[in-house]
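Put chain B on the given structure of chain A with help from the hints.
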Amino acid sequence: MSEPAVWLYWSSWPFLLGGVFFFLAGTIGLLRFPDAYSRLHAVTKADTLGLGLLVLGLCLRSESWQAVAQMLLVWLLVMASGATACQLLARYQRESDTDSAVSRPRAEPFHNER
Amino acid sequence: MAFPSGTSARRTSREYSPRRTGEGLSIILGFFIWTALWALLSQNSGWVFGIPVAALATLAGYRLGLRSGPVRPQALPTFLVFFLRELFSGGVDVARRALHARLPIAPAWQIFTLTSRDPRVCLMLSALVGLLPGTLASHHKGSELYVHTLDQHRDWQSTVARLENLLSRLLGESQP
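Protein chains in written order, with this note's numbering: chain A, -3 to 110; chain B, 653 to 828.
For reference, chain A alone in the conformation it holds in the complex:
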């Protein structure tokens, strides 16, 4: 391996580790956040950034421009589908919440008898 290739190989590690970190953080957010919308924040943003960093790290290790273009394209497509799916899921959940709020019987007014 030539010297620039060795340098590129080692410089890819921070990006790869960063990618893994954001994937883990997104998963922890998915488990810890209290509602469906907040969980969508976690998976969309952290995973998109995590994949971007992984792609960047792998691009530094890649030996052909075609592989680099392919990985960047995959990231772009995943980002586009992630942003769109997140919006559609939020919309679906919001409509479900509105429907259940409308169909739910109204609570009896609270009377403090003390």
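Just so you know, the hints here were simulated from the structure itself, not pulled from any lab data.
For every residue, glycine included, the Cβ atom is placed at its ideal position computed from N, Cα and C.
Take these hints with a grain of salt, some might be off.
Partner residues are not named here, just some residues of chain A that face chain B (Cβ under 10 Å, in silico) [stated by the list, open to error]: (1) F29; (2) P30; (3) G53; (4) L54; (5) L56; (6) S58; (7) L69; (8) L84.
Covered stretches of chain A (in silico footprint by chain B; criterion: 3 or more residues with CB under 8 Å from a CB of chain B, positions within the stretch not fixed) [said to hold, decoys possible]: (9) 0 to 10; (10) 13 to 27.
Same frame as chain A, now just chain B:
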């Protein structure tokens, strides 16, 4: 500059018109772009499957009336720099909140008033807001964008307004 596009407008006349020629060119360009995508993703193989898929994608774009419209390439660098910076900031922000011991979030639904009337800008903004720090949109209705914020006390409006402004410039609309 145009991306895979088409229109569902029906025509009764078979006469030559510049608009019809434009539609034909956009269909050809759409097919060319889908084919190029296939070539890149499949590493120039599987064309027996790739050509019909590219043709189907072009037909779907035509039937759905997907039309990207004009794009200003000179506005792209500013948009990309801003978007990538905010994407990074959004990922860091959500990771910090997820890993924090006290889980510092205050989620709420809020409304952002859109200044743009261009449906392409509104649609793109509604999707891309989900990648900005602490925001996520469900839909837009008229000039109102319904945004879920992870921390309602944080200033998210200025970032969304800046993105709307940059999208308006990129998609060829005059300044809102």
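Can you name, in rising order, the numbers of the hints this structure does not satisfy?
3, 4, 5, 6, 9
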